[in-house]
Amino acid sequence: MSSPIPIAHRDLSGHAEENAPRAQEIEDLLLKLTAESSDILGLQDDSGDFVPYSRETLNRAIDFLRRHMKFAVRFGLEIPFPKLLPGPTGSIDVHWKNEKKELLVNIPVDPKAPSLFYGDDYGKSSIKGSLDTASVQLPVLTWFLGS
Amino acid sequence: MWETEEIPSADHIFMRVHACFLKYGDPVGAFRDQGLGMSTDWEKYSTPQQARNRAKKPNENAIVKLNVGKIRELLGLLVEHRPIQDNRAHSEVVGEKTPEIRVKLNRLAEMVIGLET
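These protein sequences, in sequence, are chains A and B.
For the first sequence, this note's numbering assigns the number 277 to the last residue and increments by one with no breaks.
For the second sequence, this note's numbering assigns the number 1178 to the last residue and increments by one with no breaks.
Derived from the structure by calculation, the hints contain no laboratory data.
All values derive from a computational prediction rather than experimental measurement.
Do not take every clue at face value.
[As the list claims (entries may be wrong)] Calculated cross-link-like contacts (lysine-lysine; reagent style BS3-like; alpha-carbon spacing at most 27 angstroms):
hint: 1; chain 1: A; residue 1: 213; chain 2: B; residue 2: 1165
hint: 2; chain 1: A; residue 1: 213; chain 2: B; residue 2: 1126
hint: 3; chain 1: B; residue 1: 1158; chain 2: B; residue 2: 1118
hint: 4; chain 1: A; residue 1: 230; chain 2: B; residue 2: 1118
hint: 5; chain 1: A; residue 1: 242; chain 2: A; residue 2: 213
hint: 6; chain 1: A; residue 1: 227; chain 2: B; residue 2: 1131
hint: 7; chain 1: B; residue 1: 1158; chain 2: B; residue 2: 1117
hint: 8; chain 1: B; residue 1: 1165; chain 2: A; residue 2: 258
hint: 9; chain 1: A; residue 1: 254; chain 2: A; residue 2: 162
hint: 10; chain 1: B; residue 1: 1105; chain 2: A; residue 2: 213
hint: 11; chain 1: B; residue 1: 1084; chain 2: A; residue 2: 227
hint: 12; chain 1: B; residue 1: 1105; chain 2: B; residue 2: 1165
hint: 13; chain 1: A; residue 1: 200; chain 2: A; residue 2: 227
hint: 14; chain 1: A; residue 1: 230; chain 2: B; residue 2: 1126
hint: 15; chain 1: A; residue 1: 200; chain 2: A; residue 2: 230
hint: 16; chain 1: B; residue 1: 1118; chain 2: A; residue 2: 227
hint: 17; chain 1: B; residue 1: 1131; chain 2: B; residue 2: 1165
hint: 18; chain 1: B; residue 1: 1105; chain 2: B; residue 2: 1118
hint: 19; chain 1: A; residue 1: 227; chain 2: A; residue 2: 162
hint: 20; chain 1: A; residue 1: 242; chain 2: B; residue 2: 1131
hint: 21; chain 1: A; residue 1: 213; chain 2: A; residue 2: 200
hint: 22; chain 1: B; residue 1: 1105; chain 2: A; residue 2: 200
hint: 23; chain 1: A; residue 1: 254; chain 2: B; residue 2: 1105
hint: 24; chain 1: B; residue 1: 1126; chain 2: B; residue 2: 1165
hint: 25; chain 1: B; residue 1: 1126; chain 2: A; residue 2: 227
hint: 26; chain 1: B; residue 1: 1131; chain 2: A; residue 2: 230
hint: 27; chain 1: B; residue 1: 1165; chain 2: A; residue 2: 227
hint: 28; chain 1: B; residue 1: 1084; chain 2: A; residue 2: 162
hint: 29; chain 1: A; residue 1: 213; chain 2: B; residue 2: 1158
hint: 30; chain 1: A; residue 1: 254; chain 2: B; residue 2: 1084
hint: 31; chain 1: A; residue 1: 258; chain 2: B; residue 2: 1158
hint: 32; chain 1: A; residue 1: 254; chain 2: B; residue 2: 1158
hint: 33; chain 1: B; residue 1: 1158; chain 2: B; residue 2: 1084
hint: 34; chain 1: A; residue 1: 213; chain 2: A; residue 2: 227
hint: 35; chain 1: B; residue 1: 1165; chain 2: B; residue 2: 1084
hint: 36; chain 1: B; residue 1: 1131; chain 2: A; residue 2: 258
hint: 37; chain 1: B; residue 1: 1165; chain 2: A; residue 2: 254
hint: 38; chain 1: B; residue 1: 1158; chain 2: A; residue 2: 230
hint: 39; chain 1: A; residue 1: 230; chain 2: B; residue 2: 1084
hint: 40; chain 1: A; residue 1: 200; chain 2: A; residue 2: 162
The shape of chain B in the complex, shown without the other chains (with noise of 0.2 angstroms):
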């Protein structure tokens, strides 16, 4: 098993967004806990495109990045390093994701791989 780290702030994690969510406007629903936290993977170990892989249907999702630090400072939540048998960027976003910080981190979010036309 993978030994877990501290992410740096100036650090991004890749966080996959289904197309459903991007449908029909901002996709502030893609931003939600799937068990303990919001599963990304951190830049340190993983490609955006290797994000999307990981995904069971990679052409159904586009990737967004999000800086660390704005996360922890601006948002208060916390992104841990959270490393699972078969993925060592593996990393959770901790916290409430009440509709003020949904619409903030997709403020926060850049997209990175657009959904395949």
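The shape of chain A in the complex, shown without the other chains (with noise of 0.2 angstroms):
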């Protein structure tokens, strides 16, 4: 289960300083995910079809994880953090996921290619689609909010 931010004032008006032991709170698990993750560059099956992780795939998954994260201490956007998975044929899985709500975000190999995404609330309500991860997504986050 992945371990939800806790944020006792929101501030919508995004100043820094008065976030600045959140942020400093997702900094320090944004290192220790960062070098957690690393680990998953050696990772092997026994599938006779397995792609290995690259180092350039997961550091756009980590940029992109990082990015949203610190948008969403910035601005007070209560989300919980996700996890890094290994994901099919050589690409990362960002899966955010409380017992409200799940969202998968596919970083594929090629950063040509988009990142698929989909998230539901295990009931009515789901989002899903194609984004750049190289920008912040706001439907993304936006979407946890509510909760």
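These two chains come separately, so use the hints to put the complex back together.
See the structure below:
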């Protein structure tokens, strides 16, 4: 289960200094995740068509995650901290999940290929499509609000 | 060679999930095509243990069980019996494994053999 980020004060003005403790907390989590996810590069399954994970794809996933979590903290958006998972055929999955919602963003091996995503609330509400991982995707972040 | 049969929707299929997909969280990455479809074994001709033993390294694999009817009806995928020379149970789940499909396959999957500790 992903760890929720407790945010005591929602600062919609985006004043970074007011969220400094949270920003540091997120930075610590990002550093920990970056260090722990490096061993994804050494994974190997026993199928005949396994595609190894590359540093380049992993870095794009980390950059995507870092960009979104920092934006969320800056604007006081209360969203879970995601996990990085080994995806299919060398891709990396960014996986947000809590008891109310789940969202999966796939970071493909090809940096020019669109990143496909899907999320739902285990019920009637869902979101899916493709996105550009090089910029902050507000629909992805705001979809978690109101959980 | 084995004759191809229609898999009833009430039946289940077994799929191997390698340890590398279980190490970091939900094994959504394990639900992917290997060739024309996602490789599984039909319960009519395989036990979960037999499905596990077909792996190159069985002790590195868990086994999950999926209901065929739910895969067809809820996800709109095909589940086809495609026996091969040394595996009469071999079956494939055919259809694009988008993030939506992988999330939902993961929810349908029931672990029947876990990893050895």
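Exercise for the section: Would you pick out the hints that fail for this structure and give their numbers low to high? Expected result: 4, 9, 10, 16, 20, 22, 23 and 30
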